[in-house]
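Colleague: If you want the building blocks of each chain, they are given just below.
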Amino acid sequence: MGKWAIALHGGAGVDPNLPEQRQEEAKRVLSRCLQIGVDALNLNKTAVEVVELVVRELESDPMFNSGRGSALTTRGTVEMEASIMDGCGRRCGAVSGLTSVKNPVSLARLVMDRSPHSYLAFDGAEEFAREQGVEMVDNSYFITEENIGMLKLAKEANSILFDYRIPLTGADTCSVSAGSIVADNSLQMNGLPISIYSPETVGCVVVDSTGNCAAATSTGGLMNKKSGRIGDSPLIGSGTYACDLCAISCTGEGEAIIRSTLARDVAAVMEYKGLNLQDAVDFVVKVRLDQGQAGLIAVSRDGEVTCKFNSNGMFRGCATQDGYMEVAIWE
Amino acid sequence: MGWAIALQGGAGDIPVDLPNDKRAPREATLRRCLDLGVAALKANRSPLDVVELVVRELENCPHFNAGKGSVLTTDGTVEMEASIMDGTKRCGAVSGLTTVVNPISVARIVMEKTPHIYLAFDGAEAFAREQGLETRDQSYFITEQNIERLKQAKEANRVQIDYTQPQPVKEQVPTSSEGDSQIGTVGCVAVDRNGNLATATSTGGLVNKMVGRIGDTPVIGAGTYANTICAVSATGKGESIIRNTIARDVAALMEYRGLSVKEAADLVIANAPEGTVGLVAVTDKGDVAMPFNTTGMFRACATENGHSEISIW
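Protein chains in written order, with our numbering: chain A, 1 to 331; chain B, 1 to 313.
Same shape as in the complex, but just chain A (with noise of 0.2 Å):
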């Protein structure tokens, strides 16, 4: 029997200047989340139960930008995309264009298991929602307040945005011209100063006590994207993968992350290449990246666990079985 390991995180690209409250506040989630997948791990829960289990929680909590709390379209809507990958097999189901689905991992597991496909989008995927009888909701139901403000501000700046959960000391959301925080900042991710970019996607690799690997990601996308506009994370091999030797999760700006084809690449790697996890993590993400800014969390068959990012921060927490356990936010 091998030991398990998880990761999880809750996006790439992190504000240096974020409140310490908004810190605590998202370690305090992260490590709730964590603790659950380490709980369901003590109990034999297999790797693609887990990363379900776990992305659910990070979907219904508004912190971070998935289910509830994604980031809006221009239109103000909410669109959002997940997949999910079993590494025995290599099974994996993917969703986009999602809008009344509660869930949209379980939503990509159920395009797994019980569908003749892989990946489902828009309106076919929330009719076969319906049929499956998953949990539907308004789609008012994943739009909070902040993101109605940080929406306008991305619509100012003309910019797309990741999400911006960071309230502005002092001023009022709204009134605050985006132009003046474009003037201060050098910090960019995906084009945009880093105080008015907020980290996108959450994800969860695991490996299981059977040495079975999996993970998952979701996202509600871009701040401010067209409408229809699909990113990283439902596409196997760019925001996820997982094999029969390790599984990863990506975020970040998901263009790069596309372009790198990240997630595969670093299994590809490990295999054709024959590194262990963490030079395959350390070359992809230190080579493979471009210009692009992202982050990514793996987890390999003989139960390590590693995160690493390029970006300014990431949300991400680990544990494995012999005890460790560890949320953080900065290098």
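Quick caveat, the hints were computed from the structure, so don't treat them as lab data.
From the three backbone atoms N, C-alpha and C, an ideal C-beta is built for every residue, glycine too.
Where hints are given, some of them may not hold.
Stated by the list, open to error - In silico SDA-like pairs for lysine to any residue, Cα to Cα no more than 20 Å straight-line: (1) Lys113(B) / Thr74(A); (2) Lys89(B) / Val287(A); (3) Lys102(A) / Glu131(A); (4) Lys102(A) / Glu127(A); (5) Lys42(B) / Asp284(B); (6) Lys155(A) / Lys113(B); (7) Lys154(B) / Ser115(A); (8) Lys286(A) / Lys154(B); (9) Lys273(A) / Lys42(B); (10) Lys27(A) / Trp330(A); (11) Lys262(B) / Val211(B); (12) Lys155(A) / Arg257(B); (13) Lys273(A) / Lys286(A); (14) Lys3(A) / Gly323(A); (15) Lys273(A) / Lys113(B); (16) Lys22(B) / Glu57(B); (17) Lys113(B) / Ala157(A); (18) Lys273(A) / Glu255(B); (19) Lys273(A) / Leu267(B); (20) Lys273(A) / Tyr256(B); (21) Lys89(B) / Gln291(A); (22) Lys42(B) / His307(B); (23) Lys45(A) / Ser209(A); (24) Lys273(A) / Arg257(B); (25) Lys308(A) / Asp282(A).
To be verified - Take a look, some chain A residues computed to stay more than 10 Å from chain B by CB distance: (26) Gly228; (27) Asp279; (28) Cys307.
Given the coordinates of chain A, assemble chain B onto it according to the supplied hints.
Modeller: Chain B in isolation, oriented as in the chain A frame:
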């Protein structure tokens, strides 16, 4: 070194006794598209222009499963997807198009005119219209053969790669046009004299697919991939291509294991379930590979040193 081009019109269970009235028009289209691509390369058009124009031609041909002639969803509608990528790894993808005549051109404009890589369904349709691309009513895309294929698939209660033989029935129906179902995908890869690479893939998907089903074609790394070493376009059963990250793996094997394109492509195909995939690939040095593990794959290629081929099995 020199230019090279390869194109495919889909891999699948193409019967070796394919009647001539089914075979001839497809071979003629492959010939025409190959000639167009070669002429464009000789005229120093960029590989991106070349793969787009060849795939547009294949989309316009009703005998292949892309654009006009796309197979039908379970609702009897058409939902098309496509992607394009060049050696600098810029890429664009679309899914869920229902009225746009040339999905590959939408993918290119997503790549060149938006900060995004992938647009789908209503958003993609709206974007295509904003950009002034040609649209037609759904009926333009739907062919008799595909209506019949859908009917057969429903009767057999299965989802098919568009190319399958009808299930044998007691009273064998004399050869009807549906016996040679459409092929899975169309695609083109090209390299110019300077080693610049590009790939483009387009499809209507699987016969009787669920509405909203996305296959491998628009998933970068699965159906389509290019970097500075090679350009790949895959075809076959989408679900297998996604899980095996076919297109990316050809390049990864070359990069990380030092295999030639032929070795890498053969290995990737061999590792996928029998009867599910095929691909075309070119390298920056002008090498070409076109392996498949299905009965056949409609394909063609040409290189500057004079090699030229059009084949099915």
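Colleague: Each hint needs a verdict: does it hold in this structure or not?
Modeller: Verification of the supplied hints:
1. Lys113(B) / Thr74(A): holds (17 Å)
2. Lys89(B) / Val287(A): holds (14 Å)
3. Lys102(A) / Glu131(A): Holds, at about 15 Å.
4. Lys102(A) / Glu127(A): Holds, because 14 Å separates the two Cα atoms, which is no more than 20 Å.
5. Lys42(B) / Asp284(B): Distance of about 16 Å is within 20 Å: holds.
6. Lys155(A) / Lys113(B): holds (18 Å)
7. Lys154(B) / Ser115(A): holds (16 Å)
8. Lys286(A) / Lys154(B): violated (50 Å)
9. Lys273(A) / Lys42(B): violated (38 Å)
10. Lys27(A) / Trp330(A): Roughly 11 Å between the alpha carbons, so the hint for Lys27(A) and Trp330(A) holds.
11. Lys262(B) / Val211(B): Violated, at about 36 Å.
12. Lys155(A) / Arg257(B): Outside the cut-off at roughly 47 Å; violated.
13. Lys273(A) / Lys286(A): holds (16 Å)
14. Lys3(A) / Gly323(A): holds (11 Å)
15. Lys273(A) / Lys113(B): It is violated: about 37 Å lies between the C-alpha atoms, which goes past 20 Å.
16. Lys22(B) / Glu57(B): holds (18 Å)
17. Lys113(B) / Ala157(A): Holds - the C-alpha atoms of Ala157(A) and Lys113(B) are around 19 Å apart, at most 20 Å.
18. Lys273(A) / Glu255(B): holds (10 Å)
19. Lys273(A) / Leu267(B): holds (16 Å)
20. Lys273(A) / Tyr256(B): holds (6 Å)
21. Lys89(B) / Gln291(A): holds (12 Å)
22. Lys42(B) / His307(B): With a Cα-Cα distance of about 15 Å, the restraint between Lys42(B) and His307(B) holds, given a limit of 20 Å.
23. Lys45(A) / Ser209(A): holds (9 Å)
24. Lys273(A) / Arg257(B): holds (7 Å)
25. Lys308(A) / Asp282(A): The hint holds at about 7 Å.
26. Gly228: Label violated. Min Cβ-Cβ 2 Å, cutoff 10 Å.
27. Asp279: holds (13 Å)
28. Cys307: It holds; Cys307(A) is separated from chain B by about 23 Å at its closest Cβ, greater than 10 Å.
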